[in-house]
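**Q** Next come the chains, spelled out residue by residue.
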Amino acid sequence: MSHSIMIRTFADEVKSIPGGEHLELCYSCGTCVSKCMIQQKVEPDYNPRRLLRLAIMDLKDEAFKSPTTWMCSECDLCYQACPQEIHISQVIAAVKKLAVEAGYTSPLTPVSVDEELCSGCGICVMVCPYEAPSLYEKEHNGDLDRLSEVDANKCMRCGTCVGACPLGAIAREGVSNTEITSQFGYVIPHNPLLVAFVCDWSLREDADVSLLESYPEDQVKIVHIPCTGRIDPQHALMALDSGINGVLVCGCKPGECHFKRGNHVAKCKISLLDAMLKQMQLNDKNIRLVQIGTQERGRIKYEVDDMLSTLKAPKEAIA
Amino acid sequence: MTAKPKLAFYWAASCGGCEVTITELGMRLVDVSEQADIVFWPAAMDFKYDDVRAMKDKEIDICFFNGAIRNSENKEMAHLLRQKSKCMISFGSCSHLGGIPGLANLFDIESLCQRVFDTTPSLDDSRGTRPQKQTLMPEGEVDLPELYDQVKCLSDITEVDYFMPGCPPVVDQVWKVFTAALNGDLPAKGSILGVDPKNVCDVCERDKGEPSFRIKEFKRPHEVSLDQEKCFLTQGIICSGPATRAGCGTPCLQGNMPCRGCYGPAEGIIDQGAKLASAIGALIDTDDPEKLQVILDTMTDPAGTFYRFGLADSIMNKMKYE
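Sequence lines, in order, name chains A and B.
As numbered in the working numbering, residues 1 to 319 make up the first sequence, in order.
As numbered in the working numbering, residues 1001 to 1322 make up the second sequence, in order.
It should be emphasised that the hints constitute simulated quantities derived from the structure, not laboratory data.
Bear in mind that the values here come from a model prediction, so they are computed numbers and not experimental data.
For glycine and all other residues, C-beta sits at the position ideal for the given N, C-alpha and C.
Incorrect hints may appear among the rest.
Straight-line alpha carbon distances no greater than 27 Å define the calculated DSSO-like cross-link-like pairs of lysine-lysine that follow [unchecked claim]:
{"#": "1", "chain 1": "A", "residue 1": "253", "chain 2": "B", "residue 2": "1133"}
{"#": "2", "chain 1": "A", "residue 1": "221", "chain 2": "B", "residue 2": "1230"}
{"#": "3", "chain 1": "B", "residue 1": "1219", "chain 2": "A", "residue 2": "278"}
{"#": "4", "chain 1": "B", "residue 1": "1075", "chain 2": "B", "residue 2": "1133"}
{"#": "5", "chain 1": "B", "residue 1": "1056", "chain 2": "A", "residue 2": "285"}
{"#": "6", "chain 1": "B", "residue 1": "1320", "chain 2": "A", "residue 2": "138"}
{"#": "7", "chain 1": "A", "residue 1": "285", "chain 2": "B", "residue 2": "1291"}
Quick look at which bits of chain A chain B covers, simulated, 3 or more residues with Cβ under 8 Å [claimed, not checked]:
{"#": "8", "region": "121-127"}
{"#": "9", "region": "153-165"}
{"#": "10", "region": "258-268"}
{"#": "11", "region": "297-305"}
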């Protein structure tokens, strides 16, 4: 005998989708909201507690229009904290699935694919934590070209695909290859000592960001990236090649990536780069990855100072 | 009747594969020799360096120079041929990017000599031999070219008009370039010849883009039975195709072997090895950070794999030697 759930309300619809089952366990304590980085950093109206309440109260249209439905990146910081152990991101994903089926679209601007550059290699399809890109075939001069396209409702704009795309065919505003490299020596005549690629999500406090920005330009140049998954080892080498003494990549602690796995991706890339630098008998300490936890307020200053002191040392010794 | 254009071919630090690719033109070489005079080709014809020295400056119309710059003889001939040629084409991976000989830049010259002259398994015993510039023999003093401490690309030491990648450049592309050159149809100086747009993946027919695919272990081609239809990366095999310029016609892929990167970085890529680390690094299965090192350890030689043909042209090479 099979069980069939009678679907009478919107809450029933949400619960019928795998991941949505635990909706009604929520007693609206709001712990999720206190943990949520989106609410703190970008969207004050972002509120998982409220979205779950809207679903329970059958306010379908409000739920579909809520930024919470579209902006959750499944970092699961709230899941770890929820006293009811609700996998909140999965409930939100269930609401989002219904919203997409009902014809609603994400308010976020997805990454874009340049068809002239894309070769259909499929790297983006494999690396995306959200399975947003897919390959399709398009006729071009009588031939079938294999190209990548991005599902705008799935893309969370982490930039992992931008960093991995071999041909620079994927762009996300602010962090295309030229937008990144133009921020250091390839264009600027006076290079800083250190270039710091900083994940937009790794520093919890505004105070940390302004602390970082307080270093003089000739010491630390900050390049903001959406996630360390965006890192391209080419850029680290280009920075050193242009006369910058060190590269610091600041991301999030394992388990705390805002985009599921971008911090792991960065770790893999930097580890590979380190291995190659070692093989080349070059100093691998001048390219450093630090992973800062959400609770580690103020650590960024310690990391930057530590790196600056090692970079200054040889110069002073020569003087 | 106007004089036929004069062609020269030379090999520096190379294996001879680039010479073989020219002979693979077969009967088409006869057409070439009808339209042009081959005035220097040490691998195939009896010419001496003095023949080149005796030529007037810019007497050669096109010089195809293969091989990397490894010693003083390579360098001297590069400068001499540049002086005598109107157009200098850097031919093949070694001349273009340092190629396989460029991998020697991973080591210092003494450890290379130790390997070659002291510890190679086929040596009975080491006599501590090292190449000497001058050696006194009963017949008189003999000279050897000086071995340099790094392998360089041709364009590092002299002006190059065109680049033609490949290890070796494939014969169809060679023919196209020959035809264009003899008809005076070459593009703007500095162009890369005998290539196609985009990368090797663009022309690879295999099934690609498995959503959320993760590499759990790197394997080498001889360790697995390879699926002919699937992207090598999704079989745990490192393929340099994503970062490598198209143009080869994919003979390796058709032979069920991954791309090894000999056509050099595709358009828009500044450092082929670092870009491969970026593309392939992002595929590594990292749900358990503890296992990362275990997975990375299954890749035996990252620099030699990602920079197989391009090490001497890489940013790391610049960092080491400048």
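**Q** Now, for every hint given, state plainly whether the structure supports it.
**A** Now for the hints, and whether the structure bears them out:
no. : hint             : result
1   : A:253 to B:1133  : violated, 56 Å
2   : A:221 to B:1230  : violated, 43 Å
3   : B:1219 to A:278  : holds, 22 Å
4   : B:1075 to B:1133 : holds, 15 Å
5   : B:1056 to A:285  : violated, 53 Å
6   : B:1320 to A:138  : violated, 45 Å
7   : A:285 to B:1291  : holds, 22 Å
8   : 121-127          : holds (count 7)
9   : 153-165          : holds (count 4)
10  : 258-268          : holds (count 5)
11  : 297-305          : violated (count 0)
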